[in-house]
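**Q** Letter by letter, the chains look like this.
There are 2 protein chains.
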Amino acid sequence: MAADAHATSLPLAMLLVFGAAKICGEICEFLRMPNIVGHIIAGVILGPSVLALVTASSVREFAELGVLFLLFRVGLEVKPSDLASVGKTAATVATLGVIVPLAMGYVIYRMSGASNIESLFVGAAMVATSVGITAQVLASMGLLSAISSRIILAAAVIDDVLGLIVLAVVSSIAQGGINYIQLGITAFLSIAFTVFVFSVGAKTVGKMLPKVERKMKSGDSQFTIAMILLFALAWLASQAGVAAIIGAFLAGVALSETVEHRVHDLAQGIAELLVPFFLASIGLALDVSVLKDPATLWLAAIITVAAVVSKLIGCGLGAWPLGWPDAKRIGCGMVPRGEVGMVVAQIGGSIGVISQQAYGIVVVMAVMTTLVAPPLLQWSFRSIIKAPEEAPLRIE
Amino acid sequence: MAADAHATSLPLAMLLVFGAAKICGEICEFLRMPNIVGHIIAGVILGPSVLALVTASSVREFAELGVLFLLFRVGLEVKPSDLASVGKTAATVATLGVIVPLAMGYVIYRMSGASNIESLFVGAAMVATSVGITAQVLASMGLLSAISSRIILAAAVIDDVLGLIVLAVVSSIAQGGINYIQLGITAFLSIAFTVFVFSVGAKTVGKMLPKVERKMKSGDSQFTIAMILLFALAWLASQAGVAAIIGAFLAGVALSETVEHRVHDLAQGIAELLVPFFLASIGLALDVSVLKDPATLWLAAIITVAAVVSKLIGCGLGAWPLGWPDAKRIGCGMVPRGEVGMVVAQIGGSIGVISQQAYGIVVVMAVMTTLVAPPLLQWSFRSIIKAPEEAPLRIE
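As given, the protein sequences belong to chains W and R, one line each in that order. Going left to right, the first sequence walks through residues 1052 to 1447 as our numbering numbers them. Going left to right, the second sequence walks through residues 1052 to 1447 as our numbering numbers them.
What the hints contain is simulated information worked out from the structure, not anything from laboratory work. All the given hints hold, so there is nothing to weed out.
Note: identical chains are not told apart, hence a pair may lie in one copy or across any two.
Simulated crosslink set (SDA-like; lysine to any residue; CA at most 25 Å straight-line): (1) Lys1254 x Asp1316; (2) Lys1262 x Ile1078; (3) Lys1266 x Met1084; (4) Lys1262 x Glu1080; (5) Lys1266 x Leu1067; (6) Lys1266 x Pro1426; (7) Lys1266 x Thr1309; (8) Lys1266 x Ser1191; (9) Lys1139 x Ser1250; (10) Lys1254 x Gly1070; (11) Lys1262 x Phe1081; (12) Lys1266 x Thr1255; (13) Lys1343 x Ser1100; (14) Lys1139 x Ile1435; (15) Lys1266 x Leu1082; (16) Lys1266 x Ile1078; (17) Lys1262 x Arg1083.
No experiment lies behind these values; they were computed from the predicted model shown.
So here's chain W without its partners, still in its complex pose (with noise of 0.2 Å):
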């Protein structure tokens, strides 16, 4: 019916953006840069910073969707093993992943003239990981197995929660001085979390998943039993405190070894069309006219080189014991912060801490390290996989 008014912007904000991100994709692979690349810059080119046609709201819910969808896909392709073998050095990589940035920002923006809290909320934006981007180079460059691989996604897990709490200290300080009590709830119920699921997850779903689908009528239970768990455990995070993501990819991970290949396939086609809502609502983010100011231009910039850096030299040194190509390899994977970073500044503006400049700025280095990580990924694993476009090993 002519009437669905109020529907109309649904399909052609679809249109626009996946048509968008797919165009700028093929021009990158014509220019031999990563597809995901274009993907961002459909979302620049879409967003405030050019044309203006499209808000980072009104496919919000898709970008949300797309992002779990595209870790669970890759917990799928990781078994438990696979990542409990890595937990070591992973967790050197993460801690170290977080210490350097934190301390880099913290002392380049109290530099710059800001006051001592709103610096430390620059440098706590900083430190998470957005792991999402470098699952999908990885995984698009079929090397989801390679160590290095295993060890980002498992510091990438760790890093978060450490994150969580390095924010919760941030903010109380910012808010008058440290809640321990606060503190060591959050601390516990995301460490309780990622433990328990990580631990009994796997096995549990193993002997159970069998049984619940002996029981379901309906077809395809084991996809509707694999979304309640995806669902489930991606709520369950974050009500730990722990983002969302994180428990999608545990749920990928607890059912690696249990589903049947069925169940990849339908998820993939979800990843399939909303990965680039993800990938683009990072650029549509961006709004280049904060840049305007040359100051806050350098700053950004700046702040952009130290983010990019100090992942380099925490993560690196924390695989320092696996040989440069892999610390180089673990390295660029930490990089991106894609939206993480925006959140932490999101509440600092929320408790009145942070500038709108500041904002601004964290914006900027949360989509130039995302933007910067793919080719940064291809040339630091080119040695393994010398022609990425002529074999792509796709998780399929």
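Fit chain R to the given chain W structure using the hints.
**A** Just chain R, lined up with the frame of chain W:
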């Protein structure tokens, strides 16, 4: 990170709606009722009528996308020639299926003491079939290629164009006289769009697809092209005044003879996830508190019965030459009004000619005709497929 506070609600809403829909679906299968009745009932339970845990607007985008993929997937199973061969019968079915409900709804509502124009709107809201439910039931029983199924699908497309013209006429009358030029443009655009996509679309797609595909470097390029066509036609349909789902259906039909099986699989993953949201959203729209007044309750019951009976009579008469069994099937298939009727009522509300009471009655009618359709279809098709639960030739 802890920080994505604004995102917390998404996984929870997904979990509640998807989980409840699947659980209620299982219960319905156990009671030998159609699965999708359970999905709608899950919406009623989660919505304002019972628990008030989820609002229709919080899952609106997923529901809209879900019904687009539902119709797209059905379109993929239907060849253009299948529809063309039943064109004449479908046109008669659609025409009588518009006139009888409009007349019956108008007369009954007028007799209840309502104004002329309000009664016209209630009649108009009873016109347009929402083919999503029927398509889902037929697909799940593997009956999409039956002659009656093809007539239902073709008639639903024509019905939508006619319903649009009825709505345009009724709206003009409500706003003080018919604007014939505007009306002519609306009618022309909607008919031209449908005829053009239908006659030219499939051939063009068949020629263009392999050429475009060869030029694309990314994986799954057929899927990408299919999605862009889907969103483009859904958007153009809504611009031409027809429902977006008609565009999605026609995109599927245009691609049905061209795309490889992989596109079906990927689209199915999306449909498996999102169709439950479409079904649940029908139930979420229902607020039984409008029925507290016994007079309203009675009127709603009479209008609902009239909505069912008038489609059975109108469409059944149109399909009479095919004999009683097919006439019965086609009549039952055209019964559900779904969201389309509600949208007509919303437009009536927005120009101030329809009361809250009439709106509530239309919503009840739309939900009840949708709930009653699956059992009616199962009954009317039982001679073709004796035990659908034992031989579910599902769409794959």
